[in-house]
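Chemist: Spelled out from the first residue to the last, the chains are:
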Amino acid sequence: MSSPGPYRLKTQARGRPVAFRFDGRPLQGLEGDTVASALLANGFRVVSRSFKYHRPRGIFSAGYEEPNALIQLHSGSRAIPCARATLTPLSPGLEVSSQVGWPSVSFDLLRAIDLVHPVFAAGFYNKAFMWPSWHAYEPIIRKLAGFGRAPTGPDPDRYDERHAYCDVLVVGGGPTGVEVAKAACAKGDRVMLVEQDTSFGGDISPLANLRNVQLLLRTTAFAYCDHDLVALAEAVGGAGVHLPRERLWLVRAASVVLATGALEQPLIFSNNDRPGIMLTSAALKFLRRHAIAPGRKVVIATNNDSAYTAARELHDAGIHVAALVDSRPSPSAALLQEIKDVGIDVHVHSMPIDTKGFSALKQVTVGILSSANGVGTTAQNITCDALLVSGGWSPTLHLFAQAGGKLKYSESTRAFTPVADLPNIQIVGSAAPGIPEPLGERVSPVGNKSRQWVDLRHDVTVSDIELSVRENFSAVEHIKRYTTLGMSVDQGKLGQAPAAEVIARARGLPPAQLGHTTFRPPFMPVTLGTMVGRNVGALYAPTRRTPLHKLQADANAIFEDFGEWQRAAAFTRNGESREQAMAREVKLIRNGVGLYDACPLGKIELIGPDAMAFADRFYINNLTTLKPGRARYGIMLRETGVIFDDGTIVAFDEDRVLLTTTSSGAGRVAAWLEEWRQCEWPSMRVVVAPVTDQWASVALTGQHARTVLKRLRPECDVSNEAFPHLGFRTTQLLGGDARLYRVSFTGELTYEINVPANKGAQLWAALLEEGRSFGIEPYGIDALLNLRMEKGFLHIGTDTDGTTVPDDVGFGKPAASKQNHYIGKRSLTLPENVRPDRLQLVGLASENAVALPVGSHLRLPGSDNATDGWVTSAGLLSTDGRPIAMAMLRAGRSQMNRTVTVHDAGRVVTSARVVMPTFYDLTGARMNA
Amino acid sequence: MLHIPCPHCGLRDETEFTYGGPSHLIRPELTASDREWTHYLYHRENPKGPYRERWLHSYGCGHWFNVLRDTATHEILETYLMGQLAQSSSPVRAIQGSQPAQPVQPPQSSPAREPAG
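Protein sequence lines correspond, in order, to chains A and B. Each number in the numbering used here corresponds to the 1-based position in the first sequence with 301 added. Each number in the numbering used here corresponds to the 1-based position in the second sequence with 3 added.
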């Protein structure tokens, strides 16, 4: 027989039963319940254990400020750790579990830690658990903290993002927020009204279905960013629903109204953390919304008027309110009479000073406050199972502070209030400082301070704060970090005002003289998925494919991401491994002819009368002597003299210069050229036109390259005499324009054939066809890098790093001899860049056929330096399979023929002889053929 | 996320732009001393308050321009074209090694250099 729970007021309960499980136990709640209200109704007092001491903890609040009731929801990829039971709506079949406690949350052997709690006082990890090393203890101690279990697989849910613009953003849909939204709407403004709860606190029917109004529930404003951009997290769908799970809103508002309300603060006294102790406003919310009684015998302790309404309401609902305790010496006589009239005992100028109850609250001890900051000798014990505390209200001003607003503790309201306004923010309702109500004491003057909790979530007590001040960590930012006060999941929302008073007392200063810690987003924890949105998996980064992608895929290419491009690393045949494919391709290039997709290579046109003069300012090479029809290899530097990119320069005609760049540098170099043109040399008559995507480029390489190219019948003369190495021709090919570069990265005779991008596939197919009798095959990047390495050709970013200058890699002479000013020139004569012991590019030949690992470190004979350099590129020589490498070695050019030891992961791997960095075709005869 | 007023396109989100460091860096001649040159490369002012900096509208018009922004409050006080000087009268320290810092006056009647592009 279903029952909505022993603490449910049956006469007032409404709604159908909802079945769920807590730690495996089948339970019933009612429609509209949160997990917290359902557990309370079923009499679950202990739902969690405290962070350090594993003390039993119950539900303390009814909202987002909850410090105790953190639970684990679902399992597997949908698992949610640290969900707040007060915010989690109850759904049929929901699996809820506690996160901490062994063997169970209600019987936790680790409570033994509480017996030795002084060992775990604030900062304990700086003093205890040091030998042999903190790391020996850290994993266990972290596990004891009980933060739940992370999801075990990729998030199966979708998250969306929206951008919105409005005239007025009203944060908070309570009564005041709703009124403000209506007023703004009446003026014709575009209004957004957002509320974190599941319903608005006023009648929003005049606002519904209006085009200029956006109403959002279950939406938390969690960050106030620059220029009035506010970030919202909206909970949209549940599991299995065809909607995104959450939605991120980025709202740019012309003005913002903070109707964010105020949070009730607790009272601080010994053993103020027992299950059954709860905020008065929370008990009221559980009563009004869910018809739940907080206990069978309730005591209310307060320092302000608001608790009196609660006392009446609870009493009128049939709940036994045994006593009302007010720390003020003379509360309003009218209020007092109302309470006494219904038979509730009243204790004025009194507050709780201790509680009892091993698993849950059983008794509260009430002391009479004396005027001399102590208590009188008569204390009274009141049996009860629920103690509702009300320590005054603290306006919720986190977003105001995030926006740069300054807050100060106000003696009249005893809460933090704004020092000055911000231009676009208005604070209304209970978030605004109202008429101050004189509050009573909120911190007990007596009792064991190590049992007086200021931060329930992180188990921080008054004695921890006093310890911090004694040890001279007395600034609030230091107290926060030393004690971890306010640093947990709830970010210290409950206890901001009492904590200020405790700190002030410990320091002997008025609280108004203390500052506060910096408020930072997010106001509430935000799911990572919500921040990421759709940018996961295939949408994480754009993928770029060349016009030759499909043809390469058809040839069994292994594709990898190189920069943003999908490029072929190797082409496998007949079950080859990638390494075998590479070896075959290397042989093919050295002995036959091959085909390579060079489309991603950066191409930039400089157009205008000053094109060549402009280009000349960027390269270490003298371009003024470059003739039409010739291509020159160029290196580009940053202003610090460091190598930035390399490529070729071609003088196309008087008004046009063609540049090529590295594939990954195409965008960077174009932006660099444009920046200098716009910012430094705007009077130069030149336009920078990136054309990388406009031209498909195929490298035809190998001793048969000319023969194959001829079969395509290019219009121009491609004989060696007419078109030598490092040349450039425009011609007609396959019925259209073509640009031919005779440059080589492989060290073989090579033509880089450029045709308009939409003819790239046709060119590739034609070359494969015409080269068939020579055994032409495509080759990939693995092979290319090996081929160029044995020629000693630089690979920018592999052989060079953020410190490499031209002389380090053998280009010192051209860089020094160029007369014209170029970017980086002045830096090359700085003392650092002419040090004789700089790392210089060399070749290495392994001495005992052992491969040289890339990145392995080198030691010169007799050296006691930590390192003398490292291997930058490595592979096997194509002719005889010997392991070779390129390396940067200290003063490398003067170390020829010496032997270095090669170190990898702390071990000597082999030794190697220092040689010139060219191993194949030293004269370049094959390129020049 | 800043809301930046591009002089060509109007107010846009910061994600459309690329930051470019301080404005008004004066590139020394080749004859500069090592000290002057390294000042130009590496030494930067870091004031709390109004600061002149360069921004590029990368995902928009593609133009570089200057912004006068308060580094403490992020308030954008002024934007002006590349090649111009700010109208605001607060002094600008020319970033170079040899000359002492001196205020740079805003232009009187001389036309601004032709905006780039």
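Source of the hints: derived by calculation from the structure; they are not laboratory data. Any given hint could turn out to be false.
SDA-like cross-link-like pairs, simulated, lysine to any residue; straight-line CA separation at most 20 Å [claimed, not checked]:
1) LYS1119(A) - HIS77(B)
2) LYS707(A) - THR34(B)
3) LYS51(B) - HIS650(A)
4) LYS707(A) - HIS77(B)
5) LYS888(A) - ALA870(A)
6) LYS1126(A) - THR34(B)
Chemist: Work down the list of hints and note, for each, if the structure agrees.
Modeler: Here is what the structure says about each hint:
This hinted pair does not check out: LYS1119(A) and HIS77(B) have alpha carbons roughly 45 Å apart, beyond 20 Å. Distance hint between LYS707(A) and THR34(B) is unfulfilled; the C-alpha atoms sit about 51 Å from each other, more than 20 Å. Simply put, LYS51(B) and HIS650(A) have alpha-carbon atoms about 50 Å apart, too far for the 20 Å limit, and the pair is violated. For the proposed pair LYS707(A) and HIS77(B), the alpha carbon gap of about 16 Å is at most 20 Å, so the pair holds.
For the proposed pair LYS888(A) and ALA870(A), the alpha carbon gap of about 16 Å is at most 20 Å, so the pair holds. Straight-line distance between C-alpha atoms of LYS1126(A) and THR34(B) comes to about 11 Å, which keeps the hinted pair within the 20 Å bound.
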